[in-house]
Amino acid sequence: MHYLDYNEKIEHGTPDFPIAFYHVDEHHSRYNMPFHWHKEMELIQIQSGSLRLFLDDREILAGAGDVILIEEGVIHGGIPEHCVYECAVFDLKSTLMHTDACKRYIRLISRHQIQLYNYFQAVPREETVRDPSVLPGAAPSSMDNSRLLQAVGRLFDAIRYPHAGSELSTLGALYEIFGCLFEEEYYTPVTDAPAPGQKKMDQLKPVLEYIDANYSSPVTLADLSRIAGMTPKYFCRYFRAAIHRTPMDYLNYYRIERACYILSTTELPITDVAYQCGFNDSSYFVKTFKKYMDVTPKQYALRL
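First residue of the sequence shown: 15, per this note's numbering; consecutive thereafter.
I should point out that these hints are in silico values taken from the structure, not numbers from a laboratory.
Predicted model, so just to flag it, every value in this text is computed and none were measured.
A couple of the hints might just be wrong.
[Claimed, not checked] Label-pair distances were calculated between CB atoms; the ranges are:
| id | residue 1 | residue 2 | range |
| --- | --- | --- | --- |
| 1 | G63 | L316 | 21 to 31 Å |
| 2 | L318 | S296 | 11 to 21 Å |
| 3 | H258 | E223 | 16 to 26 Å |
| 4 | I93 | Y119 | 28 to 38 Å |
| 5 | K304 | G193 | 43 to 53 Å |
| 6 | V309 | S231 | 25 to 35 Å |
| 7 | K219 | P176 | 29 to 39 Å |
| 8 | R251 | I128 | 29 to 39 Å |
| 9 | D308 | T279 | 12 to 22 Å |
| 10 | H112 | P232 | 48 to 58 Å |
| 11 | D158 | K247 | 47 to 57 Å |
| 12 | K117 | G77 | 32 to 42 Å |
[Claimed, not checked] Pairs of lysine to any residue, SDA-like flavour, derived with a Cα cap of 25 Å:
| id | residue 1 | residue 2 |
| --- | --- | --- |
| 13 | K219 | Y248 |
| 14 | K107 | L57 |
| 15 | K247 | P220 |
| 16 | K304 | S64 |
| 17 | K53 | E86 |
| 18 | K304 | Y289 |
| 19 | K305 | E95 |
| 20 | K214 | M262 |
| 21 | K305 | D39 |
Every residue gets a Cβ at the ideal spot worked out from N, C-alpha and C, and that includes glycine.
Can you make the complete structure from the sequences, with help from the hints?
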């Protein structure tokens, strides 16, 4: 999946079938998930291992069988831990708003009049049973998620291996998923007050966009704090609280993610990859690459 643009501008699927499917494992060129957002919705199901996801200001540790629903515009990133997962990215309005009967439901979502639950556990964990507040935004552990999880499974079964009629099966599964979300009331009404942490994440979007556009050039803490309209000291605290890394650490992390993509899609020399990703010293690039990826760039390229 193309996780490298903070505000993804790529087309997911095709114009006549705007649904894209991705299978992601440790051999995928974009296994790690830097923070980004997009205008489409995204459904993720964990096949094995675990995925630590950050959705705006919330953190989720999802395990095998769990489903995560990410609404449009939500900044999200993740750290996989021996994880294999699948995801579908789709434009909600162009896929499901084909009749007036359906439009009235989809508009509640697109107009942000309701907030869908974003996390559905296959097996409720003990800590969430004791204290549901540890996972804000998750479906309550007292609810039976089996019907929804089965519908998501049918979606991925239909889209994983294209065949005659798979588009119909895929759309049918999507309708079933959203029908279940409304029937089981997997949502909460939205008040006029902004969600906690939402303003913080919105303020960081211009910073993330700047990193995306300028990672190959020199970028300083002063540059980033100026864009955020904060002092460098306050910006560092603000950024770390939201993104869980310091600004400069995250810049290097992003540059290495970009390097992974270039290494997996080109045969450029290591020195050229380093320069394209904002490193003027190839030795420092190799050291930084190993810090984040546990292997050197050469070792990474050889195992692809």
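Structure-based check of each hint:
Under the hint 21 to 31 Å, the C-beta atoms of G63 and L316, about 24 Å apart, fit the expected range. About 20 Å separates the C-beta atoms of L318 and S296, a value consistent with the hinted range of 11 to 21 Å. Range check, H258 to E223: about 19 Å between beta-carbon atoms, so the 16 to 26 Å window is met. At roughly 34 Å, the beta-carbon separation of I93 and Y119 lies within the given 28 to 38 Å, and the hint holds.
Evaluation of the 43 to 53 Å hint for K304 and G193 yields a pass: the beta carbon distance comes to about 48 Å. Range check, V309 to S231: about 26 Å between beta-carbon atoms, so the 25 to 35 Å window is met. The hint said 29 to 39 Å for the Cβ distance between K219 and P176, and at roughly 35 Å that hint holds. At about 33 Å, the beta-carbon gap between R251 and I128 stays in the expected band of 29 to 39 Å.
D308 and T279 have their C-beta atoms about 21 Å apart, which keeps the hinted 12 to 22 Å range intact. In this structure the hint that H112 and P232 lie 48 to 58 Å apart at CB holds, the actual value being about 49 Å. Checking the proposed 47 to 57 Å range against D158 and K247 shows it holds: the Cβ atoms sit about 48 Å from each other. Roughly 36 Å separates the CB atoms of K117 and G77, a value that falls within the hinted 32 to 42 Å.
At most 25 Å may separate the alpha-carbon atoms for a hinted pair to count; K219 and Y248 meet this at roughly 17 Å. At most 25 Å may separate the alpha-carbon atoms for a hinted pair to count; K107 and L57 meet this at roughly 15 Å. This hinted pair checks out: K247 and P220 have alpha carbons roughly 18 Å apart, not beyond 25 Å. The suggested pairing of K304 with S64 holds, with an alpha-carbon distance near 22 Å, which does not exceed 25 Å.
The straight-line distance between the Cα atoms of K53 and E86 is roughly 5 Å, inside the 25 Å bound, and the hint therefore holds. Proposed proximity of K304 and Y289 is supported: the alpha carbons are some 17 Å apart, at most 25 Å. The straight-line distance between the Cα atoms of K305 and E95 is roughly 16 Å, inside the 25 Å bound, and the hint therefore holds. Restraint check: the Cα-Cα separation between K214 and M262 comes to about 18 Å, which is no more than 25 Å; the hinted pair holds.
Distance restraint check for K305 and D39: the Cα-Cα separation of roughly 20 Å lies within the 25 Å cut-off, and the hinted pair is therefore satisfied.
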